[in-house]
Amino acid sequence: MSRLDIEKVNGVAIARVNEDIDAANAVAIQHELAGALGPDAVCLVVDLSAIRYLDSAGIDMLLRLSDLLRHRRADLILVIPDGSQLKRLATIVGLAKAITIHPSLRDALREASGPCHGATLGA
Amino acid sequence: MEAQRPRTHTLESTVSSDRRDDLLSLADASLAYMSLEDMLSELLDRIRDGLEVDTAALLLMDEDRGVLVARAAKGLEEEVRQGVQVPLARGFAGRVAAEHKPLIIDLDHYQVWNPILRQKGIRSMLGVPVHVEDRVIGVMHIGTLVHREFDEDDVTLLQLAADRVALAIDTARIAEQRAVTAIMQRSLLPDELPEVPGMRLSAKYLPAGSGVKIGGDWYDVFQLTDGRLAFVIGDVVGRGVLAASVMAEIRTALRAYLAQGHDLPRVLSMLNELLVTMGRKRGATLAIVAVDAEDESLETVTAGHLPPLLIDPDGHARLLEQTPGLPVGIGAGHDYEASRHPFPSGSRLLLYTDGLIERREEGIDTGFERLTAAAQAAARLGDSPLADGVYRALLDETPLEDDVALLAIETLPLGNPLEMTLRAQAHVLAGMRKTLGRWLQAAGADENELFDLTLAISEAATNAIEHAYGAREASFTVICEHDGPQVTATVRDSGRWRTTQPPGGGRGLEIMGALVDSVNVSSDEQGTVVTMAKRLNHRE
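As given, the protein sequences belong to chains A and B, one line each in that order.
Under my numbering, read the first sequence as residues 1 to 123, first letter to last.
Under my numbering, read the second sequence as residues 124 to 663, first letter to last.
Hints may contain errors.
[Claimed, not checked] Facing chain B, according to a computed beta carbon distance under 10 Å, are these residues of chain A, among others: (1) ILE6; (2) LYS8; (3) ARG16; (4) ASP22; (5) ARG52; (6) SER56; (7) ASP82; (8) LEU86.
[Claimed, not checked] Residues of chain A placed beyond 12 Å of chain B at every Cβ, according to the derived structure: (9) ALA28; (10) GLY38; (11) ARG88; (12) ILE99; (13) ILE101; (14) PRO103; (15) ASP107.
The hints are simulated quantities; they were obtained by calculation from the structure and are not laboratory data.
The structure displayed is predicted, hence computed values, not measured ones.
The beta carbon of each residue, even a glycine, is placed where N, CA and C say it ideally should be.
The whole structure should be built from the sequences, with the hints applied where relevant.
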């Protein structure tokens, strides 16, 4: 296990974050996540279900990442389990208004391979 | 005193006895107090006068490059200034060194390597090896501008002087090695152990014997990216500068790999591959322990190192069971496995190297029994840090046969109020959250309250760190206090809040406001103080 575990399934990059995100590592994690997408993927799923804390530096980072991906015509999907502390925080700051959030990786992958992304999948 | 000395070669026997006296004074006490430089200069002067020659020179062996390098000279000062180097077995000095015996030459019939000798107009030369025990460390030679037949007496006297030089140089080299050793040893161990609230850390390092050879033992303490504290202890095979350089490589590699967020077993595998790839032919044993203050647990991984000693809060000591792993640096492809153990408040852990328990003529079990007894006694007493107590019990009056490194971690209850002074750098945040989590649990916070207060304080701390603008020595303080269910947290820095909002539009303040009952920010010349309050919903 390291800070990020990354795998690719049918043009979707899945990054599982294993370390709390704060001002100490937000920039480094942003670079690693942006790099995880690769040239051919159209969707990045960032799985936050293993982490405990995400502070404002982490939220700002996710918003920047979302903008960056939009410029590259790719989508960002977050996995944040229902009932988790992170979900409460996401609600407080209104994160769902800017980034798609799913409660589980399975739900996220269903959306990632849905009709709006289907055109480039399976390539 | 030199007035009566004969300047001719006619009365050989009397002359030689006078000259011998003069040269024997080489061994007099005054030389012992001179610097090496002054002493060599004085010696060469005495040789030139005593043997009535025109030049005297000393060349020392550079073993790595296989050459003799001019070190000091009289009448041939250019030789030193130009840094003359004579390859071994070539030229006059090279031959003296290679053959390890005196050599007399006549330059009319001999091809010398060094053109300076011929330019000077030297006609006759005598050279002798300078040796320490059986090893040639250099060459001394004398020369005359007129033809001269050097005799057995000359050879004996010059060899006498060369032996005196050998002694002085060897002594100086040992002193230099001792100094290098001390500097390296200091640079390989932490300057000081970190101050961690709720933990008492202590360490001891004791070199064996004379301390001339640097030991292969080391320890290190630092914070992992996930906020846990890492404790490392290790032992590189052998001693001396080479062992120390491998130790330095291991220390750096470990910190680098752990900073990348890799887990402990993976880090040991990576370290092992690195050492094998670099062709380091020295194995090392080491143990890494990561202590999670909040979960009250520890994770350990070992590469052939002795098991850490755990003393539980009742004062009972036992060796930690762990999955054994092979020493690093011996062969590629080893896997390592972590073990996890509870580490409740009041527990102590002792890491050590084999010099602590191994004694000649006794089994290792006896050593473990002695260690267990000593650690239990020291813990029961508890008046001094554990490493000091164990050291006093086991080693104080025993001459060390091997180096010893000792590193102890003792968890203490956190106080109320909890006060932390932290460096204004973002990497302290994860460790601060661990300590806050531990304190809030003890204060009776539930899972949500713990998250809310920890995150709110973390946000205020992030602001404090930003205000320091990366200033090197800047710090901030966090004070938490609870009076029954009422928790107050204060974060104080010495900077002013920026007037322009950071990107994100003051999201930190927004989060703080949502997570705690009240937030108050006040700023003056001294700095900024954030005070937060939250009432816990005590359920018990």
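Hints, verified against the model:
1. ILE6: Hint on A:ILE6: violated, closest Cβ of chain B at ~13 Å, above 10 Å.
2. LYS8: Interface hint status for A:LYS8: violated (21 Å vs cutoff 10 Å).
3. ARG16: violated (12 Å)
4. ASP22: holds (5 Å)
5. ARG52: holds (8 Å)
6. SER56: holds (4 Å)
7. ASP82: The hint is violated - A:ASP82 has no Cβ within 10 Å of chain B, the shortest such distance being about 15 Å.
8. LEU86: holds (9 Å)
9. ALA28: violated (9 Å)
10. GLY38: Given a closest Cβ separation of 21 Å, the condition holds.
11. ARG88: violated (8 Å)
12. ILE99: Non-interface label on A:ILE99 holds, nearest chain B Cβ at 14 Å vs cutoff 12 Å.
13. ILE101: Given a closest Cβ separation of 17 Å, the condition holds.
14. PRO103: The assertion about A:PRO103 holds, with a minimum of 18 Å to chain B.
15. ASP107: Given that every Cβ of chain B is farther than 12 Å from that of A:ASP107, nearest at about 24 Å, it holds.
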